Structures are given as structure tokens and as C-alpha cells.
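Each residue of the sequence shown is one higher than the one before, starting from 55 at the first, in this note's numbering.
Warning: the hint list may mix true and false statements.
20 Å max Cα-Cα, derived EDC-like pairs, lysine to aspartate or glutamate [said to hold, decoys possible]: (1) K123 x E435; (2) K453 x E464; (3) K296 x D449; (4) K296 x D235; (5) K362 x E113; (6) K123 x E113; (7) K326 x E385; (8) K104 x E88; (9) K161 x E378; (10) K296 x D443; (11) K441 x D269; (12) K328 x D269; (13) K447 x D292; (14) K441 x E464; (15) K328 x D308; (16) K161 x D181; (17) K413 x E435; (18) K453 x E305; (19) K413 x D449.
Just so you know, these hints were derived from the structure itself, not from any lab.
Here the structure is a predicted model, which is why all the values come from computation and not from measurement.
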Amino acid sequence: MIKRLIGASALAAGLCGTPALAEELRFTVWTGSEAHLSMLNGIAASYTEKNPDVTVRFETIPFADYVQKITLQLAGGNPPDLGWLLESSAPTFVDAAVLADVSETLKSTEGYDFDDLSQGAMGLWQDGDAVYGVPFSTSPFIVYYNASLYDAAGLEHPDALAAKGEWTWERLKQDAAALADAEAGVWGFQSVDGQGYGGRAVHTLIPMVRSHGGDAWADGTCGWASDEAVEAVSLYHDMIFKDHSAVPPGEQGDFFTGNAALTVTQLSRVSKLKDAAFDWGIAPLPSGPAGEASVIGQAAIVAFAQGKQTDLAADFMAHMTSAENVAIMAEFFPPARNSVLEGEAFLTSNAAVSPEQMKIVANGIANGAVAPGHVAYPQIESAMRPKFDALWKPDADVKAVLEDVCAAIEPLL
Numbered sequence: 055m056i057k058r059l060i061g062a063s064a065l066a067a068g069l070c071g072t073p074a075l076a077e078e079l080r081f082t083v084w085t086g087s088e089a090h091l092s093m094l095n096g097i098a099a100s101y102t103e104k105n106p107d108v109t110v111r112f113e114t115i116p117f118a119d120y121v122q123k124i125t126l127q128l129a130g131g132n133p134p135d136l137g138w139l140l141e142s143s144a145p146t147f148v149d150a151a152v153l154a155d156v157s158e159t160l161k162s163t164e165g166y167d168f169d170d171l172s173q174g175a176m177g178l179w180q181d182g183d184a185v186y187g188v189p190f191s192t193s194p195f196i197v198y199y200n201a202s203l204y205d206a207a208g209l210e211h212p213d214a215l216a217a218k219g220e221w222t223w224e225r226l227k228q229d230a231a232a233l234a235d236a237e238a239g240v241w242g243f244q245s246v247d248g249q250g251y252g253g254r255a256v257h258t259l260i261p262m263v264r265s266h267g268g269d270a271w272a273d274g275t276c277g278w279a280s281d282e283a284v285e286a287v288s289l290y291h292d293m294i295f296k297d298h299s300a301v302p303p304g305e306q307g308d309f310f311t312g313n314a315a316l317t318v319t320q321l322s323r324v325s326k327l328k329d330a331a332f333d334w335g336i337a338p339l340p341s342g343p344a345g346e347a348s349v350i351g352q353a354a355i356v357a358f359a360q361g362k363q364t365d366l367a368a369d370f371m372a373h374m375t376s377a378e379n380v381a382i383m384a385e386f387f388p389p390a391r392n393s394v395l396e397g398e399a400f401l402t403s404n405a406a407v408s409p410e411q412m413k414i415v416a417n418g419i420a421n422g423a424v425a426p427g428h429v430a431y432p433q434i435e436s437a438m439r440p441k442f443d444a445l446w447k448p449d450a451d452v453k454a455v456l457e458d459v460c461a462a463i464e465p466l467l
């Protein structure tokens, strides 16, 4: 789809990717966090110190619209020079040949140490000798919990339960029901980024599904309708419509403002807790009948092949993903560099997160598997979303809905 959209427009615009002497690099991101942007602008400023004629402008595109808007910019002949890209989109963009091969720049930059990049983390972003991106965040999904609510209810904290091997999805479901308080406007559980019924449905469901022994798809076969997946999704459906503990469709229950007791998300969201009026903690994902199943969300920095200054973009990528700057970004984004991930500096990189809590993040990376991706992911996601919509009703037949999901996406797999 992306290949078809951009082909004619790019040729008409004459964007061959040859480097130009432009003074500004456009860099698209999906964060609007002041803490994130301040950090990114600091890294850009350090590049400008060495290259006074070059500045970097970060452009925020909302997460839900990100891939679509980048695709339209490519089609319109107005691509950014660099951008962030999720793991789910990597196969699509690599296959469409819209990403620049930055291998020569990275491997020839003095002091870069390309071999320090984790080969496991680089898997989606390499094709033979070609390198199409460098992960800046290899971040496991983790549980955030409101410790003040847990203490008031006299419940044991999730991280303490995890240390004893007692932190399960059934226990999370039980806790969420006990902590929900309709009169106080507090829900038990909020989906990933509050978007579990839309753009984050897969990221909300897949940790549960994998811990039950299922998966979204594998080897061209859909797994959503398996017995394991049906059991896992039914658990979440019960939280919404039987326990009334999970924030339902159409309602607001933001963990970060104290209106939900539990949520699943990633380390970068800790910036939203800077002024939290409650105590909080983090824990690993719960285990299920099939054991622990850490899920990793990954995002990489890429340079777009149709950009007007690809050489300069690749040079900035080398600067941004150097060991020094990766260590800076590790405050919010768990790194792909072994030397940073394994060092003491990572465990103490964020003042708001204790070394013990950062070990939870590190263990999630070491033992996790990347969230589902596919070369046809945009089409698959478009096909899944209206089918998933049928789940979010009290009388939904979970198995029948998931069978419809598989029927819709199997031709694309």
C-alpha cells in the first residue's frame, strides 16, 4: 500500500535522495511530552554545536495518526528527513523501499561502535548488510500501579507478588475489581494509553494472549481464534462487563491522574507522573497459564530515502544513537546498546525510577519478544479494527468475534 501511494508522487517530485546543503533537518515524532522534547532538543543542540550550519526541528504527529500522515507526506513529495517508526511498521516500510540504508555512515563514523548494538534488537531493521534504522527504544510493557490505593485497600503490591511468583492476570483481575470505586470515580484497570478499544487494542490484548499460550499470528496463520486467545480475551471482556473494573469504551479513567488503579504501558510514560498526587510503583506483566510472556514495543530512528538530505540525516542519526546520547535517552527509552543497558548508568538513569524498578525493565527486555508485526500490518490493522469493535459489547460472543477477525486477516497473512 505504501509503495503504491508514494511511487508516482515521488518520481514526479524528483526526490532522488541526493544530499543537499540544507540547514534544517525535519524529524517527526509522536510524543508531545515536554520532558521528551526537551531531551531531544538537547541532543539536537549538541549536534548543532559541532555543525553550526545545521539545526533539527522536531515535529509532533499524534500517535493514532502517525503512520497515515507519514505515508501521505511521502506520497505528496514532502517527506521528513528523519522520524520515529514502530516495530509493527518496520516490515512495511522496508519492503516499500522508503527508508534510507544508513549502514555506511554508521559503520564508518569514528567511535560509533556499531557492534555494540544488540543484534536481537536490530533484527527488524537490517536486511543483509543494509541498515534501515536504529532502535532508540526497546521497551517492554510493564504494569504501573497506584500504591496509595493499594495501601488504602490493604492489598499486597504487584511487584511484591511478582517476586513470590504470585502475580498473574487472574490476580490483576481480582485486584482491579477490589480497587474500583465508582463513587470516587476510580476504575480498576486502564488499557494501554487509554486506547485499548482503538489504536492500542493489539498492545492491550497481546500480553494476555501470549501468557495464555497464544499469539496474534505466526507462519501465515491467524491465532486470534485459538482456545488460548479466546480464554485470554474473555478474561479482559469479563473485567469490562462483568466486574465493571476496567475502563469501558466511551469512559475516561486515566491512571496518571489517579482515576485508575492499574495500567499497562512503557517506561517513557513515567514522565507523566512527575506531579502525581499519589504514590506509585511498577511491576512486570502478570503471568498466565503458559507462564510469563514479556512483550516488547520497539521504536527506531529512520531516515527517509526520498528526503532531500539523506547523508546529513544519516550523520545526525549516528550522533543521536551514539553511546553518549543513548545513555541520555535511557531515562525514558530503554536502549538497544548493550554497553548502556548492562551498565549501572541505565539503572540510575531516571531519578523517578529506582534501580530495583529499572531491573524490572531490563529483565523485560532480556526475556521479551517484540509485539506482532507484518509486512502488511497497516492493511491487517485496518481489517482487524472493525472486527474488534464487536468485542466491546456486554453480550459479545468472544470466540465468534475472534473467528471473524481471523477470517478478515488470513488472506493478508
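Now for the hints, and whether the structure bears them out:
Taking the CA atoms of K123 and E435, the gap is about 16 Å. The hint holds against a cut of 20 Å. In summary, the hint linking K453 to E464 is supported, as the alpha carbons are separated by about 16 Å, within the 20 Å threshold. The straight-line distance between the Cα atoms of K296 and D449 is roughly 10 Å, inside the 20 Å bound, and the hint therefore holds. With a C-alpha separation of about 15 Å, the suggested pair K296 and D235 falls inside the 20 Å cut-off, and the hint holds.
A threshold of 20 Å between alpha carbons decides the hint, and for K362 with E113 the separation of about 17 Å falls inside it, so the pair holds. Distance hint between K123 and E113 is fulfilled; the C-alpha atoms sit about 12 Å from each other, no more than 20 Å. A C-alpha spacing of about 13 Å is found between K326 and E385, which places the hinted pair at or below 20 Å, so the restraint holds. For the hint linking K104 to E88, the alpha-carbon distance of about 25 Å lies beyond 20 Å, and the restraint is violated.
For the proposed pair K161 and E378, the alpha carbon gap of about 16 Å is at most 20 Å, so the pair holds. Using a Cα cut-off of 20 Å, the hinted pair K296 and D443 holds, with the two alpha carbons roughly 18 Å apart. Between K441 and D269 the CA atoms are separated by roughly 17 Å; this keeps the pair inside 20 Å, and the hint holds. Of the pairs offered as hints, the one joining K328 and D269 is violated, with about 35 Å between alpha carbons and a cut-off of 20 Å exceeded.
The hinted pair formed by K447 and D292 meets the criterion: a straight-line CA distance of about 11 Å does not exceed 20 Å. A threshold of 20 Å between alpha carbons decides the hint, and for K441 with E464 the separation of about 13 Å falls inside it, so the pair holds. With a C-alpha separation of about 15 Å, the suggested pair K328 and D308 falls inside the 20 Å cut-off, and the hint holds. For the suggested pair K161 and D181, the alpha carbons sit about 15 Å apart, so the restraint of at most 20 Å is met.
Among the hinted pairs, K413 with E435 is inconsistent with the structure: their alpha-carbon atoms are about 33 Å apart, more than 20 Å. Simply put, K453 and E305 have alpha-carbon atoms about 25 Å apart, too far for the 20 Å limit, and the pair is violated. Taking the CA atoms of K413 and D449, the gap is near 41 Å; set against the 20 Å cutoff, the hint is violated.
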